[in-house]
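Chemist: Please take these sequences and the hints and turn them into a complete structure.
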Amino acid sequence: MSERELIEGLARLAEPVVPGDDPYGRLMRRHRRSRRTKAGGWATGAVLAVVAALLGPIGIQGASTPVHGGPSTPADVTPGGPVTPWVARLLSAPTRGSLAGDTAFLTELAERLDARFPEQVAGGRVKLLFAGEAGGGTVVLAARHSATHQVGIAIFDKPGATAAELALANTEQRQEGSVSVSTGGIGPLLTETVTGVDGLWAGYLTVGVVPQGCGIELADGRAATLSWRPSPTDGYFVLRSRYQLLRLTCDGVVRYQGDADRGMAQGFGRARPSAAEIEQGLVGARGELDREWAGELLRHDGIRDSADLPRILYQGRLPGAPEDVQRVAVLIQGRPDGSWMVNQVRRSGMSHGVDTSVDLSAADRVLALESGWLADEQMDRVRPSATPPASPVPFLVLAPRGAVTVQALDDDGTVVAWAGLTDGVGTLQLTRPARLRALDAAGAQVGTGVTTLPERKPMHLLRVEPIDDWS
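When we follow our numbering, the leftmost residue of the sequence shown carries the number 237, and every step to the right adds one.
FYI, nobody ran anything at the bench for these hints, they're computed from the structure.
A portion of the hints provided could be inaccurate.
Stated by the list, open to error - With beta-carbon atoms standing in for the labels, derived distance ranges:
{"no.": "1", "residue 1": "D646", "residue 2": "A678", "range": "20 to 26 Å"}
{"no.": "2", "residue 1": "P466", "residue 2": "A677", "range": "55 to 61 Å"}
{"no.": "3", "residue 1": "R583", "residue 2": "E355", "range": "41 to 47 Å"}
{"no.": "4", "residue 1": "V490", "residue 2": "P625", "range": "54 to 60 Å"}
{"no.": "5", "residue 1": "L698", "residue 2": "R361", "range": "37 to 43 Å"}
{"no.": "6", "residue 1": "A512", "residue 2": "P468", "range": "26 to 32 Å"}
{"no.": "7", "residue 1": "E355", "residue 2": "W464", "range": "41 to 47 Å"}
{"no.": "8", "residue 1": "P318", "residue 2": "E355", "range": "16 to 22 Å"}
From a predicted model like this one, the values you see are computed outputs, not experimental measurements.
Beta carbons are placed, not taken as given, at the ideal position from N, Cα and C, and that holds for glycine.
Modeler: Pasting the structure below:
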């Protein structure tokens, strides 16, 4: 952040009544520049976390508290953007999404949102642009508008949320859910992106709606060559993976071409996983299993790049560690591109994750994770490019259940260290990277691995000529 941005940010905090630029959206480098008021909830938590990280050392005093009942606007400021011909075309389109056919639900929700935000566009009415189940939750995109002005409303909530629950999202009556109001108005292309709050997994969902009659094409920005494909849905799109490109053609003219996730980013956490989901995430896990903690670890499962639950491989203390060493969890998650993420998470919440090209689901995989940071917060000391540590570093070893011994081998196959395993789990002390070999009670090899997981290749992203012309 530059000095000028810092000064401007402090000035905005000193005048909390006036909605300011969304700092999280600015950091995410989104293209839309509308002013937006956050109504607390997960979204506000994400925003305030970023503000605190940037401005915390300065010691800001008197920062405003989010108003749970909904945003407010100064009397001398007319909220909303103009209703241009293209925005009018978007507003005239039918409601899209999986809940669009439930007339009673849409009518009730629109009436309740009208009652919640009466100060936004006086005399206006709420039009629901999208209502549906997406990304493991319920998503609503709406606009409150008059003939001349409009604001946008976005709601992210739990799966199966009722109209009454959605309208009360993040209020004193109901603190669940996330609501934001873009007081600067919406454009012809309205998109909202939701991401994970705690950073353990790269959660992602983008929902977008377009003017009626506009054709939607999508392309994978990670592909070797550009290949446009028509959207499987008419008038809207739902994306579960990042780096997607979007092209809109209206009346034979390309009106937009560029990133599909151009909207403001929000943080979102779904409701606690069910008991069945927690048990699914713990299948094959070892250690001191803690189902309550497992529920916390898995609670973002609806908004990740992958549709599958993460897998918890281990919960508990490092084998042989003193009682005062806090517990750790090891989780793995497959990515759509074939890579994997492995995370070590302290009970306190601190995490250390690595993306790797190694298939972590293989039955004979041996993982050895540097775990000295559990006690002294240091990590990555045993790497090819690192100076060897003065004393051995403990590694948490997770091998096939039948393994009773793990050996560390140097380049010529010489055994440089070994450790006993119980149920395939143990602690191996190392000072340099090594290949791993797990043996069963008969001395037969049952698994292999490496201490430094190879990272996945850097991602190549396609670029297209940017077009954003709604003249």
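Chemist: Now, for every hint given, state plainly whether the structure supports it.
Modeler: Comparing the hints with the structure gives:
| no. | hint | verdict |
| --- | --- | --- |
| 1 | D646 x A678: 20 to 26 Å | holds (25 Å) |
| 2 | P466 x A677: 55 to 61 Å | holds (58 Å) |
| 3 | R583 x E355: 41 to 47 Å | holds (44 Å) |
| 4 | V490 x P625: 54 to 60 Å | holds (57 Å) |
| 5 | L698 x R361: 37 to 43 Å | holds (41 Å) |
| 6 | A512 x P468: 26 to 32 Å | holds (29 Å) |
| 7 | E355 x W464: 41 to 47 Å | holds (42 Å) |
| 8 | P318 x E355: 16 to 22 Å | holds (19 Å) |
No hint from the list above goes unmet by this structure.
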